[in-house]
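A.B. asks: Make the full structure from the sequences, and use the hints.
Just so you know, the protein sequences line up as chains A and B, in that order. In this text, residue positions in the first sequence follow my numbering: the first is 1, and each later residue adds one. In this text, residue positions in the second sequence follow my numbering: the first is 1, and each later residue adds one.
Worth flagging that the hints you see were computed from the coordinates, not collected in a lab. From a predicted model like this one, the values you see are computed outputs, not experimental measurements. Be aware that a few hints might be false.
Said to hold, decoys possible - 30 Å max Cα-Cα, derived BS3-like pairs, lysine-lysine:
#: 1; chain 1: B; residue 1: K31; chain 2: A; residue 2: K95
#: 2; chain 1: B; residue 1: K466; chain 2: B; residue 2: K479
#: 3; chain 1: A; residue 1: K485; chain 2: A; residue 2: K6
#: 4; chain 1: B; residue 1: K432; chain 2: B; residue 2: K406
#: 5; chain 1: B; residue 1: K450; chain 2: B; residue 2: K432
#: 6; chain 1: B; residue 1: K491; chain 2: B; residue 2: K466
#: 7; chain 1: A; residue 1: K384; chain 2: B; residue 2: K92
#: 8; chain 1: B; residue 1: K92; chain 2: A; residue 2: K360
#: 9; chain 1: B; residue 1: K450; chain 2: B; residue 2: K368
#: 10; chain 1: A; residue 1: K6; chain 2: A; residue 2: K113
#: 11; chain 1: A; residue 1: K39; chain 2: A; residue 2: K6
#: 12; chain 1: A; residue 1: K6; chain 2: A; residue 2: K65
#: 13; chain 1: A; residue 1: K86; chain 2: B; residue 2: K31
#: 14; chain 1: B; residue 1: K450; chain 2: B; residue 2: K406
#: 15; chain 1: A; residue 1: K65; chain 2: A; residue 2: K95
#: 16; chain 1: A; residue 1: K86; chain 2: B; residue 2: K143
#: 17; chain 1: B; residue 1: K239; chain 2: B; residue 2: K92
#: 18; chain 1: B; residue 1: K143; chain 2: A; residue 2: K95
Said to hold, decoys possible - If you want a taste of the chain A side facing chain B, the calculated C-beta under 8 Å gives, among others:
#: 19; residue: V47
#: 20; residue: P245
#: 21; residue: E318
Here a beta-carbon is modelled for each residue, glycine too, at the ideal position from N, C-alpha and C.
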Amino acid sequence: MTELIKYTAAETAGAIAKGEVSAVEVAQAHLDRIDAVDKKVNAFLHVDTDGALAAARAVDEKRAKGEELGPLAGVPLALKDVFTTKGVPTTCGSKMLEGWIPPYDATLTTRLKDAGVVILGKTNMDEFAMGSSTENSAYGPTGNPWDLTRIPGGSGGGSAAALAAFEAPLAIGTDTGGSIRQPGAVTGTVGVKPTYGSVSRYGLVAFSSSLDQGGPCARTVLDAALLHEAIAGHDPLDSTSIDAPVPAVVEAARMRDVRGMRIGVVKEFAGEGYQAGVMQRFDESVELLRELGAEVVEVSCPSFTLALPAYYLIAPSECSSNLARFDAMRYGLRVGDDGTRSAEEVTALTREAGFGDEVKRRIILGTYALSSGYYDAYYGSAQKVRTLISRDFDTAFAGVDVLVSPTTPTTAFPIGERADDPMAMYLADLCTIPSNLAGNAAMSLPVGLAPEDNLPVGLQIIAPAMADDRLYRVGGAVEAALNDKWGHTLLEEAPAL
Amino acid sequence: MSVMTLVSYEDALASYDPVMGLEVHVELGTKTKMFCGCSTELGAEPNSQTCPTCLGLPGSLPVVNAIGVESAVKIGLALNCDIAEWCRFARKNYFYPDMPKNFQTSQYDEPIAFNGYLDVQLEDGSTFRVEIERAHMEEDTGKSSHVGGATGRIHGATHSLLDYNRAGIPLIEIVTKPIEGAGERAPEVAKAYVAELREVIRSLGVSEARMDKGQMRCDVNLSLRPNGTETFGTRSETKNVNSLRSVERAARYEIQRHATVLTDGGTIVQETRHFHEDNGTTTSGRIKDNAEDYRYFPEPDLVPVAPARAWVEELRAALPELPRVRRARLQAEWGLTDKDMQSVLNAGAVELIQETIAAGAPADQARKWWLGELARRANETGTELSEQPITPVQVARVAALVAEGKLNDKLARQVIEGVLAGEGEPDEIVEKRGLAVVSDDSALGEAVDKAIAENEAIAAKIRDGKVQAVGALVGAVMKATRGQADAARVKDLIFEKLGVSG
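C.D. replies: So, in structure tokens, the structure goes:
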């Protein structure tokens with residue numbers, strides 16, 4: 001039974017479809033695993049045992065009736081606690097939403113259910129997806145399965161840790177500035193931020209509407225592609241949703257051939273602040289791509305150095321407005337309502353008590369940036385930088401098919417190390433943020449361990465908007481070559497929990 | 001509240017020149033809300049017409065109502081505005097419990113329609129052009145009811161109830177440019193503008209624009225400047241003035257109040273004010289010292305609205321005849337004086353008369369019945385003319401029966417009474433009540449003979465040439481026949497029998 005948790009999603013679905021194992025057995029194996037290790041990892045905020053088993057039973061019944069099963073039917077999944085789930089608590093890692101039971105499913109949740117995916121529960125995250133370490137969760141930090149004293153990345157640290165700890169073969173994250181890719185990189189898993197608008201945001205509790213994008217997390221590139229295909233596609237409930245066919249990502253993941261592709265190395269993503277072991281694995285990956293038949297060139301994207309400051313004006317501005325709805329009137333936490341206080345006072349007390357420091361920091365920052373008299377200098381300038389970054393990408397993609405960089409400058413840092421230093425924390429997203437600002441597609445996949453600390457290093461691949469399939473083509477080829485070279489997958493080197 | 005002795009209106013205008021700005025909110029009559037699929041039907045159980053989006057639940061997203069955009073473009077075109085080729089929604093951020101997201105999805109510096117005008121007709125028949133600054137799309141808020149206080153306002157209330165059925169109903173806000181040069185007629189211009197705007201909105205079929213139902217709400221911004229000066233004075237914003245009469249009264253009151261304060265050497269505070277229907281005064285609301293910062297920014301959850309030029313031109317071509325043009329046409333067709341046309345308008349009888357004419361009645365007959373008998377009845381019962389239980393087709397039939405000589409006016413009134421009483425169609429009522437005019441000469445002849453015999457003195461006068469005395473004999477015959485005789489025929493018969501020629 002323990003082997004079941006090591007299966008990839010594709011293998012699991014195949015075994016269930018062939019009747020080698022039941023979906024209920026698979027679900028139970030993962031629930032047992034969660035039971036065994038999650039006290040240490042703290043990847044889950046809520047485990048929906050009954051819901052998961054019911055969903056698994058439904059898949060088994062469907063199979064018994066001879067109905068056709070989808071490519072992910074019966075595969076367990078860990079859902080970031082930022083997507084609404086009807087009847088199942090959704091907290092966004094915040095005290096503000098403790099005990100809130102949404103009356104509706106996010107479009108992504110519905111799609112997963114329709115695909116027969118078994119949702120095991122909701123995963124830990126930085127409060128309202130603001131952070132790079134999952135330390136900003138109101139429910140305690142998540143440990144990195146490679147070293148439980150280190151961060152699993154963030155904001156989607158719970159989803160990435162659940163994969164690395166073999167609590168689930170699939171997970172869902174959201175990526176506003178790197179919250180899928182950076183956790184993927186530091187946990188040795190695969191994470192994809194699809195093109196902005198390709199996965200519905202309906203039911204994704206907004207942090208920064210123009211940047212947020214849900215996406216797949218998995219242990220293999222093919223599994224990520226299968227999940228990508230299940231969740232992407234036009235949704236009339238999200239007006240920013242793109243009404244176009246989803247690129248053929250599964251097919252691309254199976255190609256394992258990068259011959260003739262042109263790959264650009266972003267010059268700006270190197271130098272001071274980049275860990276030597278990270279750069280070493282990155283350079284080896286570039287060399288590997290060359291060996292596999294790709295043409296590698298260096299490209300310059302000068303505006304990328306402005307991405308971080310622009311991001312920390314745009315994202316807080318939008319979040320200051322998006323989080324205004326948490327006012328204690330209709331749902332969630334209510335503090336100080338003793339019959340003597342006005343609605344305004346109760347709102348103020350609730351927001352004081354319900355939001356953590358990082359959320360408050362960003363609300364204040366954003367409120368300031370949008371203020372009359374400052375708007376042009378801050379929010380306005382940041383939008384101009386955004387345009388410049390998009391132009392840099394356009395220029396680069398005129399000459400190459402994809403760009404590559406390290407996903408994050410360092411490997412997983414110790415819990416607490418950067419907790420009191422927001423600027424150091426923000427640097428973790430230095431390489432991932434430009435893609436959010438431009439709305440294109442990007443992936444992180446594991447390319448080895450840094451020699452100095454034996455912790456995973458991620459390679460970031462960036463493709464133009466709606467060319468998500470290129471990520472999978474390159475990622476699939478790199479993954480296959482590395483697994484061949486190592487004779488096993490990287491996660492097999494992770495210490496036992 | 002101390003009672004202020006106001007400067008008279010005439011004195012106020014002798015020293016000061018009013019400048020107005022009117023902001024009108026119109027609730028569109030779309031079936032669903034601006035950003036979700038919830039019903040906009042009025043009068044439902046509180047909070048029964050809500051969903052994650054209009055309740056602002058975490059994760060919910062808006063989607064623009066296409067009919068809302070179309071309505072906005074139609075209004076813009078009817079108000080002679082330019083239509084934006086590309087515009088965005090913006091978030092207006094402020095905290096208030098009846099606003100579920102604590103921001104209102106509105107438009108800021110990119111309104112869908114801008115730079116227009118509306119010509120309004122004043123009571124003396126002259127035309128005043130009101131320039132339109134912009135018309136933009138936004139969503140309505142929920143409704144707060146403050147319970148436990150004396151005034152229904154939040155001060156003194158023990159608690160408040162929130163109904164989000166209204167939250168998200170599409171609104172178009174139409175803002176005028178500063179209205180200058182109206183002078184003493186400023187209040188009249190304000191009222192005429194709102195009245196004309198209401199007619200335009202109704203003619204477009206985008207809203208019923210019922211002010212009494214809150215479907216159309218007006219804010220009156222007003223300032224005074226000393227006569228002969230250019231710089232605007234400090235304005236007050238009188239909110240939610242919700243009838244045409246109130247718009248006029250509020251403007252008038254504010255002119256007097258401003259003048260009183262300024263004459264005393266005081267300064268006007270920039271603030272919102274509440275209008276009181278009962279005594280026509282306004283009282284201070286919220287101070288607006290420009291410190292209010294809505295932190296507008298483009299709504300990232302919605303894609304820009306880019307009305308295609310071809311579509312805008314299609315809408316322009318399909319605009320209905322606008323009220324002012326139509327009124328002028330009908331007045332000419334019906335041959336009415338300005339004054340008569342005004343009474344038709346005041347009675348709300350334009351449509352009814354038009355439909356009656358369409359059903360075959362002559363214009364003068366149609367107008368006569370609707371403005372006479374039926375308008376009187378509407379007045380007595382305090383109902384709208386259009387709500388009377390009689391149709392234009394039925395009125396036209398009554399007019400036809402009169403024209404055919406089958407009914408006289410008196411009988412026709414009885415037939416109309418019958419229709420209003422639900423007795424059936426005009427012809428049935430004539431039959432059932434036995435109301436047909438008596439035109440049988442032999443039957444009438446007897447009645448005439450009898451009348452002459454009983455009124456010899458009058459008959460002698462007529463024989464002597466005082467033909468106008470015939471009225472008394474006609475009256476006697478009509479009385480004897482219980483009104484069912486054709487008066488003209490009776491008169492002829494009397495003259496015939498007395499051997500005189502009328």
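A.B. asks: CA of K143 (chain B) to CA of K95 (chain A), is that 30 Å or under?
C.D. replies: Judged against 30 Å, a Cα distance of about 29 Å means the pair holds.
A.B. asks: Sort out whether K31 (chain B) lies within 30 Å of K86 (chain A), counting only the CA atoms.
C.D. replies: Roughly 27 Å between the alpha carbons, so the hint for K86 (chain A) and K31 (chain B) holds.
A.B. asks: Taking the least C-beta to C-beta distance, is E318 (chain A) closer than 8 Å to chain B?
C.D. replies: holds (6 Å)
A.B. asks: Decide if the proposed pair is consistent with the structure: K450 (chain B) and K406 (chain B), CA atoms, cutoff 30 Å inclusive.
C.D. replies: holds (24 Å)
A.B. asks: Between K65 (chain A) and K95 (chain A), does the CA-CA distance stay at or below 30 Å?
C.D. replies: violated (44 Å)
A.B. asks: Could you grab the alpha-carbon distance between K6 (chain A) and K113 (chain A) and see if it respects the 30 Å cut-off?
C.D. replies: This hinted pair holds, its Cα atoms lying about 23 Å apart.
A.B. asks: Next pair to validate is K485 (chain A) with K6 (chain A); report whether the Cα-Cα distance is within 30 Å.
C.D. replies: holds (20 Å)
A.B. asks: Given the proposed pairing of K39 (chain A) with K6 (chain A), does the C-alpha separation stay at or below 30 Å?
C.D. replies: Holds, because 20 Å separates the two Cα atoms, which is no more than 30 Å.
A.B. asks: Quick one, are K239 (chain B) and K92 (chain B) close enough, alpha carbons at most 30 Å?
C.D. replies: holds (18 Å)
A.B. asks: Can you confirm whether the C-alpha distance between K450 (chain B) and K368 (chain B) stays at or below 30 Å?
C.D. replies: Not satisfied, since the Cα-Cα distance of roughly 35 Å exceeds 30 Å.
A.B. asks: Between the alpha carbons of K491 (chain B) and K466 (chain B), is the straight-line distance 30 Å or under?
C.D. replies: holds (14 Å)
A.B. asks: Grab the minimum C-beta distance from P245 (chain A) to chain B and call the hint holds if it beats 8 Å, violated otherwise.
C.D. replies: violated (19 Å)
Against the hints set out earlier in the document, violations occur for numbers 1, 9, 15, 19 and 20.
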